[in-house]
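Listed here are the chains, written in short residue letters.
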Amino acid sequence: MTRAVLGLFRLWILLLLLIGKVIAGNDFDYCLLCHGANANGNYGIRAPKISGMEPWYLSRQLENFAAGVRGTPGDDASGHEMGPVGLRLRQEDALYSAVQFIGQLEPKRPLPTVRGDAAAGRKLYAACASCHGVKGEGNAALQSPALAARSDWYLVTQLKNFQRGLRGADQRDTFGVQMRAIAATLSDDKAVTDVVAYINTL
Amino acid sequence: MSRTFTRRGFLELAGSLGGSTAVYRAAMGMGLLPVAARAARPVLTASGKSKKVLVLGAGISGLTAAYELNRKGYEVQVLEASFRAGGRNMTVRHGSRIDETGYPQVCQFDDDPDLYFNCGPARIPGHHLNLLGYCKELEVELEPFINDNRNAWVQDDAMFGGKPIRAREYLNDTRGFVAELMAKSIRKDALGAPMTADDWDRLREYLKQFGELDPQFRYIGTSRSGLAKHDYTAPEVLKAPLSPSELLKSKFMLIMSFGETDDQAAMMMEPVGGMDRVVAGFMRKIGHLVQLESQVQRILVRPKGVEVTYRREGRYITAQADYVLNCIPMHLLAGIEHNFPAEYSSGFTAIPRGKLFKIGFQMKERFWEREGIYGGISWTLQDIQQIWYPAHGIHRSKGVVLGAYTFDPVAGEKFARLPPAERFKLAIAQGAKIHPDYASHVECGVSVAWHQMNHMLGCAAQWDEALFKQWFARLQAPVGGHYLIGDQVSYHPGWQEGAIASAHHAMADIDARISAGGTQVVRS
Numbered sequence: 000m001t002r003a004v005l006g007l008f009r010l011w012i013l014l015l016l017l018i019g020k021v022i023a024g025n026d027f028d029y030c031l032l033c034h035g036a037n038a039n040g041n042y043g044i045r046a047p048k049i050s051g052m053e054p055w056y057l058s059r060q061l062e063n064f065a066a067g068v069r070g071t072p073g074d075d076a077s078g079h080e081m082g083p084v085g086l087r088l089r090q091e092d093a094l095y096s097a098v099q100f101i102g103q104l105e106p107k108r109p110l111p112t113v114r115g116d117a118a119a120g121r122k123l124y125a126a127c128a129s130c131h132g133v134k135g136e137g138n139a140a141l142q143s144p145a146l147a148a149r150s151d152w153y154l155v156t157q158l159k160n161f162q163r164g165l166r167g168a169d170q171r172d173t174f175g176v177q178m179r180a181i182a183a184t185l186s187d188d189k190a191v192t193d194v195v196a197y198i199n200t201l
Numbered sequence: 000m001s002r003t004f005t006r007r008g009f010l011e012l013a014g015s016l017g018g019s020t021a022v023y024r025a026a027m028g029m030g031l032l033p034v035a036a037r038a039a040r041p042v043l044t045a046s047g048k049s050k051k052v053l054v055l056g057a058g059i060s061g062l063t064a065a066y067e068l069n070r071k072g073y074e075v076q077v078l079e080a081s082f083r084a085g086g087r088n089m090t091v092r093h094g095s096r097i098d099e100t101g102y103p104q105v106c107q108f109d110d111d112p113d114l115y116f117n118c119g120p121a122r123i124p125g126h127h128l129n130l131l132g133y134c135k136e137l138e139v140e141l142e143p144f145i146n147d148n149r150n151a152w153v154q155d156d157a158m159f160g161g162k163p164i165r166a167r168e169y170l171n172d173t174r175g176f177v178a179e180l181m182a183k184s185i186r187k188d189a190l191g192a193p194m195t196a197d198d199w200d201r202l203r204e205y206l207k208q209f210g211e212l213d214p215q216f217r218y219i220g221t222s223r224s225g226l227a228k229h230d231y232t233a234p235e236v237l238k239a240p241l242s243p244s245e246l247l248k249s250k251f252m253l254i255m256s257f258g259e260t261d262d263q264a265a266m267m268m269e270p271v272g273g274m275d276r277v278v279a280g281f282m283r284k285i286g287h288l289v290q291l292e293s294q295v296q297r298i299l300v301r302p303k304g305v306e307v308t309y310r311r312e313g314r315y316i317t318a319q320a321d322y323v324l325n326c327i328p329m330h331l332l333a334g335i336e337h338n339f340p341a342e343y344s345s346g347f348t349a350i351p352r353g354k355l356f357k358i359g360f361q362m363k364e365r366f367w368e369r370e371g372i373y374g375g376i377s378w379t380l381q382d383i384q385q386i387w388y389p390a391h392g393i394h395r396s397k398g399v400v401l402g403a404y405t406f407d408p409v410a411g412e413k414f415a416r417l418p419p420a421e422r423f424k425l426a427i428a429q430g431a432k433i434h435p436d437y438a439s440h441v442e443c444g445v446s447v448a449w450h451q452m453n454h455m456l457g458c459a460a461q462w463d464e465a466l467f468k469q470w471f472a473r474l475q476a477p478v479g480g481h482y483l484i485g486d487q488v489s490y491h492p493g494w495q496e497g498a499i500a501s502a503h504h505a506m507a508d509i510d511a512r513i514s515a516g517g518t519q520v521v522r523s
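From first to last, the protein sequence lines stand for chains A and B. Take numbering that gives the first Met the number 0: the final residue in the first sequence is number 201, and no numbers are missing along the way. Take numbering that gives the first Met the number 0: the final residue in the second sequence is number 523, and no numbers are missing along the way.
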């Protein structure tokens, strides 16, 4: 009798574990819901391409969202939406698994949407190149993500967010604080679109 | 002041208050425009035998299409991304899962047939004949829904120091004031043709009735605004009219006619047990055709037919069909791989997504009934905007109240960024301005931020006249065998009747193409 009860109990635990696994598996499909097929981005809801992003960069940003280091200022509506996602992914190894999941997807180069003066942008890009690389390939040693083949409208949004203090204002965001200072050197909206237009050529 | 009151003048006045639809409707009322014939359920003449149809999304439009096409012999499969069918037709009750990105919730209401909350559509007007027709056919039992209640409250911090007043007081005291003002200021000689001097007298009589003015055309109060007390052993005492300048301070004037609009006026219906009984009715007939948890990743229009790839349990599966009827929200479709021509797919990101937000509270006592409120809506100019009282389960011990329903995207975002417990706290604090002991009655709550709900990420598409002009015809027309459907492709977004109309339109087009024996050509 006791053995039967024990057996049932074990079966129950196994079932619970299995259900837990299935739910976790489906959770990552949710990334694709916003960020699009293969996480190549969806301008329709302002969700950028995250496919092909460096795992260390993705982890750091998810942590930042979860900790409220990023996405908390009032005007950053899209950033707000990521906050609770980051919080949920903090449970156990979900964040690691999510980053792995994104890593398995097929990145596609997005079509350019930003129009600017790429030649003018090229000069401005010199300030970016020291950290993000002359080809926009990024630099893991400096924790600088690649900029080439990202959603260009998203680069514009983020540069403006840095300028307006919607990102990089929290002192815990060491790299964001650096980026905020650099973004401030782009004197106006034209400079922002020009530099992104140049990044589109990389 | 020389004010003319010609027919044209009236139309201009109506236009300035209600936009061009008001002019259009007023003109229809005056017999200047023909009344459009109602679109009936299309008669499908062609047989669907050996034709395969994929329906993307099991919302009301998708279910309608699957139900009708299945009956005509088409081979139908419905792919739905969520764990549940229904789309925004969603009712939660004891144990229901609310699948919000980041903030998943489980409904903690008691297990009781009256304790449910309609998170999406919640009312059916009597002229939504297609939906009502399906309710009848699918044996979905309906009961009266109370939308407008003159005993409910109006609260605005801008008037009377934030103290709530009964809706009947706001409506009738402003009417009385306006009627008196108009009766005193309209001059006989200022009426243009076709108004005659006799009309002037009739108009003044009308105004007297409109605002319940006294024989001297003064507004001194009306029982329409309620009695000071309902003691029927003593003579009636009217409430003193409220100060017009105080009433006019409130922007409630912009929503005071809500319950008189085409879709909101009595008589309205709701399904017994929750709006999702409509979904259950469809699912009883075609549930076996619906495959859940299948998220579409790619749509390729081929010279003949359409190819769809979806993700299910971590695997990619590809299916072919002659026709695809697609009710995936356009703002999500924009992120799916496809080979649509840009002049079509650019429309997906052109129409903003709605950000409507709702809260439902289980109340341990139906305290509003003690205030003489049975069903209907209290209005406030705070973020929560509305409190709805259930029209069902009257005089039972508990009830589910709608504690917030915001139309304004700013308010929607404000609630959505808070964790559910904080949303409830905010809604309770605001509700307490209407019902002082509100907090003590709340047992548990549910919140639905439609722009964060998985597989929707938005409420009704936010069309405006310019967008309709630029995009509607293009998005309604097919690309090869691919049809966009849903309330998003109707002139009635946000209503199930619009969703059904879009499905009917697409089916009729497919039927005509098959009947004509036409070959399918990709438009570009």
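Don't take each hint at face value.
[Claimed, not checked] Dumping the calculated DSBU-like pairs for lysine-lysine here, alpha-carbon to alpha-carbon at most 35 Å:
no., chain 1, residue 1, chain 2, residue 2
1, A, K159, B, K424
2, B, K413, A, K189
3, B, K187, B, K228
4, B, K48, B, K303
5, B, K413, A, K159
6, B, K228, A, K107
7, B, K303, A, K107
8, B, K432, B, K51
9, A, K189, A, K159
10, B, K424, B, K363
11, A, K107, B, K51
12, B, K397, B, K162
13, B, K207, B, K187
14, B, K397, B, K228
15, B, K162, B, K187
16, B, K432, B, K162
17, B, K51, B, K303
18, A, K189, B, K468
19, A, K159, B, K468
20, B, K238, B, K432
[Claimed, not checked] Facing chain A, according to a computed beta carbon distance under 7 Å, are these residues of chain B, among others:
no., residue
21, Y102
22, Q294
23, H330
24, F366
25, E368
26, E370
27, N453
28, L456
These aren't lab readings, by the way, just hints derived from the structure by calculation. Even glycine gets a Cβ: it sits at the ideal position worked out from N, Cα and C.
Regarding the pair B/K432 and B/K51, is the alpha-carbon distance no greater than 35 Å?
At roughly 56 Å apart (the allowed maximum being 35 Å), B/K51 and B/K432 break the hint.
Evaluation of the interface hint that places B/F366 against chain A, nearest CB under 7 Å
33 Å, violated
Under the criterion that the straight-line Cα-Cα distance not exceed 35 Å, is the pair B/K162, B/K187 satisfied?
41 Å, violated
Compare the distance between the alpha carbons of B/K48 and B/K303 with 35 Å, and conclude whether the hinted pair is satisfied.
Holds, at about 17 Å.
Take a quick look at whether A/K107 and B/K51 sit within 35 Å of each other, Cα to Cα.
31 Å, holds
Given a cut of 7 Å on the nearest C-beta pair, is the interface hint for B/Q294 held or broken against chain A?
6 Å, holds
Between the alpha carbons of B/K397 and B/K162, is the straight-line distance 35 Å or under?
26 Å, holds
Status of the B/E370 interface restraint (C-beta, 7 Å, chain A)
Where the cut-off is 7 Å and the nearest Cβ of chain A is about 36 Å from B/E370, the hint is violated.
Given the hint that B/K397 pairs with B/K228, does the C-alpha gap stay at or below 35 Å?
28 Å, holds
Does the structure keep B/K187 and B/K228 at a Cα separation of 35 Å or less?
40 Å, violated
Pair hint A/K189 and B/K468, alpha-carbon separation not exceeding 35 Å:
32 Å, holds
Are the Cα positions of B/K228 and A/K107 separated by 35 Å at most?
72 Å, violated
Against the hints set out earlier in the document, violations occur for numbers 3, 6, 8, 15, 24, 25 and 26.
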